[in-house]
Each structure stands twice: as structure tokens, then as C-alpha cells.
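Asker: Protein chains in written order, with our numbering: chain A, 331 to 787; chain B, 331 to 787.
Quick caveat, the hints were computed from the structure, so don't treat them as lab data. There's no promise every hint is true.
Same chains, same label: a pair holds when it works inside one copy or across any pair of copies.
Calculated pairs, SDA-like style, for lysine to any residue (alpha carbon to alpha carbon, straight line, at most 20 Å) [as the list claims (entries may be wrong)]:
1) K591 - D710
2) K779 - S755
3) K779 - A581
4) K537 - L411
5) K779 - P353
6) K389 - E588
7) K537 - R585
8) K532 - V405
9) K591 - G630
10) K389 - A689
11) K591 - S622
12) K389 - R501
There are 2 protein chains.
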Amino acid sequence: MYQNHIAKPFNHPSALASATIQPPLRVGLLGLGTVGGGTYRVLRRNAQLIADRAGRHIKICMVAVRDLERAAVLVDGDVVLTDDPFQLVQNPNLDVIVESIGGTTIARELVMLSIAAGKHVVTANKALLALHGTEIFSAACANGMMVAYEGAVAVTIPIIKALREGLTANRVNWVAGIINGTTNFVLSEMDSNGLDFDTALKEAQRKGYAEQAPTFDVDGIDAAHKLALLASNAFGIPLQFDCVHVEGIRAVEQRDVEFAKRLGFSIKLLGVAQRTARGISLRVHPALIASSNLLAHVEGSMNAVMVHGDAAGLTMYYGAGAGAEQTASAVIADLVDVSRFMGLAPQNRVPYLAFQESAMASQPMVALADICFSYYLRVDLCRGTHGLDGLAPLLEVADVQLVQSELLENPGTSEYATLLLLTASGPQQNIDALVTSIEQQAGVLGPVKRMRIECLD
Amino acid sequence: MYQNHIAKPFNHPSALASATIQPPLRVGLLGLGTVGGGTYRVLRRNAQLIADRAGRHIKICMVAVRDLERAAVLVDGDVVLTDDPFQLVQNPNLDVIVESIGGTTIARELVMLSIAAGKHVVTANKALLALHGTEIFSAACANGMMVAYEGAVAVTIPIIKALREGLTANRVNWVAGIINGTTNFVLSEMDSNGLDFDTALKEAQRKGYAEQAPTFDVDGIDAAHKLALLASNAFGIPLQFDCVHVEGIRAVEQRDVEFAKRLGFSIKLLGVAQRTARGISLRVHPALIASSNLLAHVEGSMNAVMVHGDAAGLTMYYGAGAGAEQTASAVIADLVDVSRFMGLAPQNRVPYLAFQESAMASQPMVALADICFSYYLRVDLCRGTHGLDGLAPLLEVADVQLVQSELLENPGTSEYATLLLLTASGPQQNIDALVTSIEQQAGVLGPVKRMRIECLD
Numbered sequence: 331m332y333q334n335h336i337a338k339p340f341n342h343p344s345a346l347a348s349a350t351i352q353p354p355l356r357v358g359l360l361g362l363g364t365v366g367g368g369t370y371r372v373l374r375r376n377a378q379l380i381a382d383r384a385g386r387h388i389k390i391c392m393v394a395v396r397d398l399e400r401a402a403v404l405v406d407g408d409v410v411l412t413d414d415p416f417q418l419v420q421n422p423n424l425d426v427i428v429e430s431i432g433g434t435t436i437a438r439e440l441v442m443l444s445i446a447a448g449k450h451v452v453t454a455n456k457a458l459l460a461l462h463g464t465e466i467f468s469a470a471c472a473n474g475m476m477v478a479y480e481g482a483v484a485v486t487i488p489i490i491k492a493l494r495e496g497l498t499a500n501r502v503n504w505v506a507g508i509i510n511g512t513t514n515f516v517l518s519e520m521d522s523n524g525l526d527f528d529t530a531l532k533e534a535q536r537k538g539y540a541e542q543a544p545t546f547d548v549d550g551i552d553a554a555h556k557l558a559l560l561a562s563n564a565f566g567i568p569l570q571f572d573c574v575h576v577e578g579i580r581a582v583e584q585r586d587v588e589f590a591k592r593l594g595f596s597i598k599l600l601g602v603a604q605r606t607a608r609g610i611s612l613r614v615h616p617a618l619i620a621s622s623n624l625l626a627h628v629e630g631s632m633n634a635v636m637v638h639g640d641a642a643g644l645t646m647y648y649g650a651g652a653g654a655e656q657t658a659s660a661v662i663a664d665l666v667d668v669s670r671f672m673g674l675a676p677q678n679r680v681p682y683l684a685f686q687e688s689a690m691a692s693q694p695m696v697a698l699a700d701i702c703f704s705y706y707l708r709v710d711l712c713r714g715t716h717g718l719d720g721l722a723p724l725l726e727v728a729d730v731q732l733v734q735s736e737l738l739e740n741p742g743t744s745e746y747a748t749l750l751l752l753t754a755s756g757p758q759q760n761i762d763a764l765v766t767s768i769e770q771q772a773g774v775l776g777p778v779k780r781m782r783i784e785c786l787d
Numbered sequence: 331m332y333q334n335h336i337a338k339p340f341n342h343p344s345a346l347a348s349a350t351i352q353p354p355l356r357v358g359l360l361g362l363g364t365v366g367g368g369t370y371r372v373l374r375r376n377a378q379l380i381a382d383r384a385g386r387h388i389k390i391c392m393v394a395v396r397d398l399e400r401a402a403v404l405v406d407g408d409v410v411l412t413d414d415p416f417q418l419v420q421n422p423n424l425d426v427i428v429e430s431i432g433g434t435t436i437a438r439e440l441v442m443l444s445i446a447a448g449k450h451v452v453t454a455n456k457a458l459l460a461l462h463g464t465e466i467f468s469a470a471c472a473n474g475m476m477v478a479y480e481g482a483v484a485v486t487i488p489i490i491k492a493l494r495e496g497l498t499a500n501r502v503n504w505v506a507g508i509i510n511g512t513t514n515f516v517l518s519e520m521d522s523n524g525l526d527f528d529t530a531l532k533e534a535q536r537k538g539y540a541e542q543a544p545t546f547d548v549d550g551i552d553a554a555h556k557l558a559l560l561a562s563n564a565f566g567i568p569l570q571f572d573c574v575h576v577e578g579i580r581a582v583e584q585r586d587v588e589f590a591k592r593l594g595f596s597i598k599l600l601g602v603a604q605r606t607a608r609g610i611s612l613r614v615h616p617a618l619i620a621s622s623n624l625l626a627h628v629e630g631s632m633n634a635v636m637v638h639g640d641a642a643g644l645t646m647y648y649g650a651g652a653g654a655e656q657t658a659s660a661v662i663a664d665l666v667d668v669s670r671f672m673g674l675a676p677q678n679r680v681p682y683l684a685f686q687e688s689a690m691a692s693q694p695m696v697a698l699a700d701i702c703f704s705y706y707l708r709v710d711l712c713r714g715t716h717g718l719d720g721l722a723p724l725l726e727v728a729d730v731q732l733v734q735s736e737l738l739e740n741p742g743t744s745e746y747a748t749l750l751l752l753t754a755s756g757p758q759q760n761i762d763a764l765v766t767s768i769e770q771q772a773g774v775l776g777p778v779k780r781m782r783i784e785c786l787d
């Protein structure tokens, strides 16, 4: 079947000519750290390739840094360096500002000043947008500026583009994802190498996947930032970070990871934005996912997001959740988009949060306690207790159905037996009642460990 | 953490006002079958939601069908029906034509006429574009028209958008995917239900996943059409369907599926476009994929595409590969894109095949025989033969390394023993020599079955 066939590309003289006369996009870069440095590096390495796609060069003309001497070694001689970011955002010869300094105070101020100065903005700063996005998008809208932020959610994965453009036909039912690479790395280590949480976290820190102060990641806050952005793009609701129910992974024990696997599940920190009959649920928490689900196979620091729409059904997007060049990939894609669409009337551009401003509307929020889940329950029992006498009447009183149960007589070196229960889906109050009644039984050691099961179907 | 917080959406009076005055996009639909009917249905059901995103209504104004009476029942009264598609594409009151009649003869003629008449075109017809894309894009370029085709590859998955826009920063190293739902369904049935090829194919036909004349799917031609489109978007090479090495799945036996699983692999029909040191390889063939790879877990009629770029690393995209509303999801996303970007100068729009026309260039093609693979070899032996005496010297002479071997003394009800070999990666000529020498050994029954292993790393 193979033929050494050389086809001719299609060429049209007028397209050729007009493509070559487009002036470069003039970019100002705030910060030359991980994201800024990666963006500079990829833009330089792939300059011609990117221009071949974009139809014009994407040129970093000016960079604001703290240490001018260090930066001078990193960038080419024709790049203007400044240690005054306020000067950079006022430069009338720049079209677009890339915010890559992080944080939510100076970054916010500089982004707002950029917009006021008539610059488009590209950022991968999820905290900034989750907390101040409404203000930032509003100012940008008023000034006719674009604010692009593909790198803010699941970094390399063009999930914002998929939601805003690829799935425009769909009523989105839910979005669910592994959107924090640090916690997924920690949970993967606990699973594949049998490490406990603290050791796995230290390993993540050693490898650079976790900060020395890891609370933003480990406690689910970073994932909640991203989830707020995903939810607005999915449902046309305002950014509502403070409506996200957030639980981190500190309470996940290694043996729960092991027991979950035994039962055919993986434990993942999930962010879920779900449309229910009574409103929207926004939640970040560790959950059991059946191993038949693709998300259960997302390992290490990788990210993945599933979207369920009424027309497309289930789609999934997978890629790296962090990294210098990985983030650069998203930032540069945003720059190319900006270079293309800055010529459009603002109302013809892709809306900031997928929906036209006039169409965005709040929807009722549903508390997590009002959503039915299946649960994983772990009951530690005194040695010698065979199962849990009297479980059947407790289940009946609490109105909870069991799907599966398993008694482990000798789980490793522990001094007790362990009863694992998987419940059918039911109201949280019933599970609460069941757990309370189990904890009052003789032979039960300590509190019952519980974790939600996300079905994602 | 949950709060019943109601945030205000950002509104700006001028944006609101301008959003409401945009006229609807006027669409002409060629055909009201699976794709056309699905598109009409989703556009009607989600009309307001889509307008809320697009900033204007997407209105099907005219439909060309064979059976006017049947169509009159399906569409609203304000839609103009015609049984003359040539009249439709000439209608001066239409902005864009959706080609959903299929095939490559009349469809081609109508698409070319639409372009000549100054209409943008949306199609999900991969055969049309793989065979006539160069001509179609060239005409569209000359006339300043868009031709959008997200639904042509892996239907619901916005993979064309990901390649053309999401990954613009990247030098793409390879693209690999399960891009034919029919064959993936057949292989999944052979795997999970132990069916032989013929029975699995009948099951696929019974469920509507396979045509009654299934050769396009089963023999890999459909996947090759899609691969040609993916390769051009990845590498900036012209469409070269006839450079794709194509093997279908007819030769895959159920026991090979079973043996592969035993060795830790799944057999999938893969389309691969790969940049090598000596040029581009385009290939469609059944391959073993390690079960640690996400693609190995893509079941049933689902599709998935992996892209490896130098900045982003590995990303993957997963979704349904067929279906009426699934295809509609892609077609409507294209319509919204067209509605947004028809106001742009052509040179600012996303290029047809990701790269500016002036930047597209042929690259050398590499024959499959010149690429090193690891192989799965199945050697059927006379009963009573213990292993293969003299294998070691054959391996040495052919210069092939073994990674794994397993002798199955009693594989089910067969009358022979089976030797399974996994080789290290090596030149095809060495494998050819090994296979020939094995087949000449006493005790070897029939030809050695061989299949490539795709590592995808």
C-alpha cells in the first residue's frame, strides 16, 4: 500500500502574500520563572513553526524581572528588560501581556492595569481568576480586551478550549476531573509503592511535584480554583470558588488505597461540577472510582478531565498538570488565539467563560449533604470479632443497602480485623445514621472511615 | 465549606446590546440522514443554549432532501425544503452549507459549488476530505471561504481543534489513535466476550456499529482517511491518503486477542502518524498495546487519540467515534466557529490544515519496513513438541532479542501447543529472517503469526 507519493500543497498567491505581511504580535512578559521562562524558551525554539501556524511571529519584546543580571543571560539581546512591571504594562508598543508572576495581589493589580492600558492578557494563574475573575473579565469586557487562560486548568490539556468551543452544542451534565497533579502523584505513590501519606508527600516534594508548603495542593484548594473555572464554562454560572465543597487528601490512609484496589477501585482526588435536578453541585474530595473508568488509570502527576454533554456524551481529556514547557504550550496557544482574534469585534470573540455575558446567570447550589452517593466504609474491629454481629438490623434501620462486604481477618500487621462495606447509593443522612449506629457497637474500634464513590456515568 | 453564595455575573451594557443585534447564521443543510437529522435535532433542542454561547442564533433555513414528504414531518414549518441540492447551494441567503450526504462524488461537486457561490462549508465527511481535500481547501482559500471538519475525525472529540489551536506551540512528534469505532467494537467483543472475528462483526452489524458492507471500516480504509487528516494537521504535510500503509483486522484471531491479554497487552487497530529521523511514517494496522497505556482501556465503539508534542508532552483525547447527535456536536461547534470567524480576514482564521498554506511542505515518507518494532510472534507447534528446539541459534542468526516467551501446552481445544514470543525492537528484515527460519523448523505448524507492538512513548 505504501507509495512514495509526493503531493503538492495547495497554494494561493494572495494568501501567501497577505500571510507574510502581518506584523508580529508584540508580547510583554511579567516574570521569567517557571512559566515565564518556559514560555520564552518554547517561543524561541519553535519560533518558525509557531509562525507557520499563526501566520505571524509571536515576539516577546519586553520582560519584567526582579534580577536584571540573571535575566540578561537568559534572553536574547533584542529583548527589553525592566525591573519595573508597572512600566511594562504601560508600554504602548505591546499588544498583549503574559502574567507569569503568580499570586493574587500584584498579579491582580498588573492585570487590571494591563487591561486599562488596552492590552490583551494571557495568564495561567488559576487562583487569580478563581478569586478575581469576575472583576478582571468585567474590566476586560468593558475595554474590549481578551483574557485567555488555557494554562490555568489542567495545564497542557486544551480543556477550556474544548468546553468553550469544542462542545458549544451541548448541554453539559457534568464535568469531573483529576485536576491537581501533586495530589494525584501522592495517591499514585501510596498505591503503587505502598507509601503512607507523609512519605509519599515527601517524595513528591523531593521530585518537585509538591511545594514545601503543600497545603494549596494537598487540601484541595488548587483543585477548587480550577473547578470554579470549569463550572462557569460548563454551566454559564458566575465564578463561585466559595461555593465549592473542599476536602483534601490528608485523611486518606495507605490501607484505604490498598483496600479500595482490592475491591476494584482507585482513590483519586476529584473535582466535580454536576448539574442536578435541584441545582449545581461543586465539590472537590477524595473518591473511589471503579477501575473500569479511564480516570482510575490516570497515574502520577498527570491530569484528566471528563465532560458529559447531552449530544456528545462522554469525552475525556488527558495530559500533564504542571511543568514549565507544558504550561508554555497552553500560554503560547493562547497567544496565537489572541493574535488571530484581536481583529474581531469583541462580541464575535469566544466569551471569557463560554457564555455571552448577557446569558450568564446564577443557578441554585446544592449542598453535598443533599446528594446521594454510594459509600466505602471501613470498620476496624477488635481481633476475634467475626464480622459485625447485628449489622443487618442496623442497615435496615438506617435504610442503607449493601452492595459488597468483605471481612479481612489479618490485614498486615494490625491488631484488629477490618470490615469493608460498599453501600448502594443513598441519602447522606442514612449513611450518617448507619455510621453512628455502627460506631456504637461493641467490638468496633474508633470511628468508621468513610469515602464517597463517584460513579461518573 | 459550602456556602449559599450568589455571585453576580459580570455585565457590560454595550456588550449586551451588541450581542443581541447580531443576525442569525443562516445554514443550508444537505441531507437529513444520520448526521443531518442529528444536527437539526440538537440545534432545535439546544437553540437558546447555543445562542447563549455563540452570541447569535444558528438557524437552519433550508434543507435539501430526497423525500420531501418524509422531511416535512421532521422539520419546522419555517424551514424551506427542496429536493434540488444544487438549488440550495446557490441560495444567496445562506451563509454556510452543511454537507451531510456522504460519499465523494456528488458531495464533492456540491461542496465545490458551495465554495464557488461564496458559502462557508461544514462537513464530517472524512473520505471526501482525505481524497479531495487539497482541491477543496485550495478553492476555499482562493475564495476566502472556511471549510470546517471537526466531525470528520473521531467525531465527538475536538481533536482537530486541539491539533490546530490547542497545541500550536508544539513540534508534534507523533499522533496515534483508535480512530475507527467499528473495529474497536469488534476487537473489544473478541476480547471481553471471547467471540471470533466473524461473530463479533455480526454483533457489530446487529447493533448498528458496522455497515452491512463493512470493508471500509474493517480493512482500515476509514481509519486511513482520518489519519491522513491528522497527519497534515500535525506535521504541515499535504494530504496523502495514498501514503498510508493500511492493514485491517480480518487476520486478527480470537486466540491472539486472548494471548495478548495473557502477556499484558490489548490488540487495537491503531492509526499512527510519526515523525522519524528519516521522515514521516503513516500507518494503520492492528497492534499490541501494553495494558499500562490508556489506549488499551478504550473499549467498545469509543475513539481516542494521543498526541505527543515537544512542549506539552503526551496528551490524550477520548470520546464517541460515531452517532447522530455525537456527530452533530462537532458539526454545530464548527458552525459556531464559522459564525465567529467569518468576520475575520481569511489570513487571520485558523488554517485549514493547521499550517499556513505557504508553510505547508512535503516531507520524505518512510516505508513501514524501515521502522523498528517489537513483535508478537505466535508459533503453532505439533502436540508433544516442548518449546522449539533450536530457537536460540535462529535468534542469534537473525539478530533478534527476545523479551518474553511462553509455551502454552494446551491452549483450549486445539490440537497443538503454542509458543508465544515477544521480541525486542529491531529491523523488520531481521524479524522476517527469524520468521522464515522458524517456519522451516520441524514441528512448526503453518505460518508464524506476527503482530507489531506499538510502544507509544
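Asker: If any of the earlier hints don't hold here, list their numbers in rising order.
Answerer: 4, 5, 6, 7 and 8
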